[in-house]
Amino acid sequence: MNRSIGALEFRSISKGIEISDQIVKKANVEIIYCRTICPGKFLIIVTGDEGAVDEAIDHGKSQVARILVDSFKLHAVSPVIIDAFKNKYVTKEIIDAIGVVETNKVCTGIVALDRVLKASDVRLIKMQLAQCISGRLVFTITGPVSSIEYGFLEIKNILSENEYSNTAIIPSPSKEIKKYLI
Amino acid sequence: MNRSIGALEFRSISKGIEISDQIVKKANVEIIYCRTICPGKFLIIVTGDEGAVDEAIDHGKSQVARILVDSFKLHAVSPVIIDAFKNKYVTKEIIDAIGVVETNKVCTGIVALDRVLKASDVRLIKMQLAQCISGRLVFTITGPVSSIEYGFLEIKNILSENEYSNTAIIPSPSKEIKKYLI
Amino acid sequence: MNRSIGALEFRSISKGIEISDQIVKKANVEIIYCRTICPGKFLIIVTGDEGAVDEAIDHGKSQVARILVDSFKLHAVSPVIIDAFKNKYVTKEIIDAIGVVETNKVCTGIVALDRVLKASDVRLIKMQLAQCISGRLVFTITGPVSSIEYGFLEIKNILSENEYSNTAIIPSPSKEIKKYLI
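Protein chains in written order, with the UniProt record's numbering: chain A, 1 to 182; chain B, 1 to 182; chain C, 1 to 182.
Everything labelled a hint here was simulated from the structure, so no lab data went into it.
Among the hints, a few may not be true.
If several chains are the same, the list does not tell them apart, and a pair holds so long as it fits within one copy or across any two.
Quick list of in silico lysine to aspartate or glutamate cross-link-like pairs, EDC-like style, CA-CA up to 20 Å [claimed, not checked]: (1) Lys61 / Glu93; (2) Lys61 / Asp49; (3) Lys179 / Glu30; (4) Lys26 / Glu161.
Using the sequences provided together with the hints, build the complete structure.
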C-alpha cells in the first residue's frame with residue numbers, strides 16, 4: 001500500500017536531476033513524476049510508505065535549500081491523485097456543479113487537492129500541471145455546490161492568500177463549456 | 001450569418017472559465033476558442049450576431065474588471081479570421097512579399113489582423129496564438145509590398161506604440177525562409 | 001565540409017524572420033534551425049564554411065543591435081551538435097556518469113557544449129532547446145566523472161557566472177533516473 005507521496009520543486013533543472021537521483025538511491029521510493037516544468041523548473045514526485053517518503057523528501061530538502069521552490073509530504077494520500085498523474089480518472093462525467101482551483105505552484109496545488117478530496121464529497125475530473133501556464137497547477141472537481149464550497153473553505157484553512165491565485169464555482173455548467181473543459 | 005466575434009482575455013484560468021460559462025448562458029453566441037494560454041491566462045472567443053456578441057462581451061467585462069487583461073468586439077469580421085481559428089487557410093502560397101506582425105496580447109493582434117485584412121489587398125497565411133510565446137500573437141500575411149505597407153499604416157492608426165512589439169516586411173522571401181515560415 | 005555554425009537570437013519574432021531572410025540571401029549558408037522559441041524569441045542557426053558563416057552573422061548583428069539577445073560563431077564545430085539539432089544522437093546509452101548543464105540563453109549553451117565536446121572525452125545524449133523552459137538550453141552528457149569534471153572546468157573558463165545557471169554531476173545514475181532522463 002504505497003499511500004504516501006512527496007514532492008520537490010526546484011528552480012534548477014540540472015540540480016533537480018542530481019537531487020532526484022540521490023533521493024531514489026537513499027530511500028525506497030518510486031518515481032511517479034520527474035520532469036522539467038514551465039518556466040524552467042524541475043519537479044520530482046515520489047511514492048512509497050510513510051517512512052520512505054519522509055526520508056526521501058527530508059534528504060532532498062537538506063541538500064538544496066537555495067534552489068528549492070516548494071515541497072510537500074502527504075500521507076494516506078487520496079489514490080485519485082496518484083491516478084491523475086497517470087492521466088487516469090474514474091470518470092469525466094460532470095455531476096451538478098464544477099469547481100476550479102488554480103495555485104501558483106504545483107506543490108501547493110496538490111496539497112490543496114488532497115485536502116479537498118478528503119474533506120468533501122467531490123470528484124476530480126482534471127488536473128493540469130504547469131506546462132505552458134508558468135508553473136501553475138489547475139484542478140477541476142465536480143459535485144454538489146455545497147460540497148465544492150465546503151472543499152474551498154478547507155483550502156482557505158490551509159493555504160495563505162498568495163499561495164493560490166483563484167477559485168471558481170460554476171453551479172450548472174452549460175453544455176458548451178463542458179465540451180471545452182474536459 | 002455569424003459575422004461578429006468578441007473576446008475576453010483573463011489573467012486567471014478559474015475565473016476565466018466561470019465567466020465564459022456565464023456569457024454563453026446569457027447571450028446567443030457560439031464558442032470558437034476557449035482555452036488556457038501562455039503564460040497562465042485564459043482566452044474565450046465567441047461568435048454570433050452583433051447584438052449577441054455585444055451582450056456577451058459587455059456582460060463579461062462588467063463581471064471581472066480586476067482580472068481582465070484585454071477584450072474586443074469586432075463586427076462584420078473577416079471570415080478569414082474565423083477560419084484561422086480552425087487552422088484553415090485559403091492558401092499557404094506566398095505571393096510577392098511577406099509581412100509579419102507581433103502584438104503583446106492576443107486580443108490586440110486579432111483587432112490588428114482584422115483591420116489589415118479589411119484595408120488592404122493581402123492574404124493571411126499563418127496565425128500563431130500565444131502558446132509558448134508568452135501570450136503574444138504573431139500573424140503572417142502575403143501580398144504586394146505596397147499593400148502590406150498600407151496595412152501596417154492602418155495598424156499604426158489603431159494601436160498605440162506599446163500594444164504591438166514589431167512588424168517586418170520581407171519583399172522577396174528566399175526559398176529557405178519560406179520553407180521554415182509555413 | 002560545412003563545419004562552421006553561427007546563430008542569432010532575437011527578442012522579436014517578426015524582426016528575427018526579417019533578418020534571417022537577409023542573411024541567407026547575403027551569405028552562402030544553410031539553415032539548420034529557424035524557429036520561435038520560448039518565451040517569445042526567435043532563433044536562427046546557420047551552417048556553412050567559415051567565411052560564409054562569419055559574413056551571415058556579422059551582417060545580422062550589424063542590422064539589429066537593439067533586438068539581439070545573443071549570438072555566436074563557432075568554427076570547426078563538433079558534428080555532434082549539428083546532429084543534435086536534427087534530433088540524432090550516436091547513442092543514448094549512459095556510460096558511467098552523467099553531467100547536466102543549463103544555461104540561461106540558447107546561444108551560450110551551444111558554445112559551452114561545443115567546448116565540452118572538444119575538450120573532454122564525453123558524449124552528448126540529450127539537448128533540450130528553450131521550449132517551455134523560458135529560453136534556456138539544457139544538455140546532458142555521459143562519460144567518466146573525471147572527464148565531465150574537466151569539461152565543466154572548461155565551461156567555467158569561457159562563461160561568466162551569470163551566463164549559466166547550474167551544472168550537476170551524477171556519478172552512477174540510478175535506473176529510475178536514467179529512465180526519465182532519456
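How the hints compare with the structure:
1. Lys61 / Glu93: This pair counts as neither: shortest intra-copy Cα distance 39 Å, inter-copy 30 Å.
2. Lys61 / Asp49: For Lys61 and Asp49, the Cα distance is within 20 Å only inside one copy (18 Å; across copies 49 Å).
3. Lys179 / Glu30: between (35 Å within a copy, 12 Å between copies)
4. Lys26 / Glu161: neither (35 Å within a copy, 31 Å between copies)
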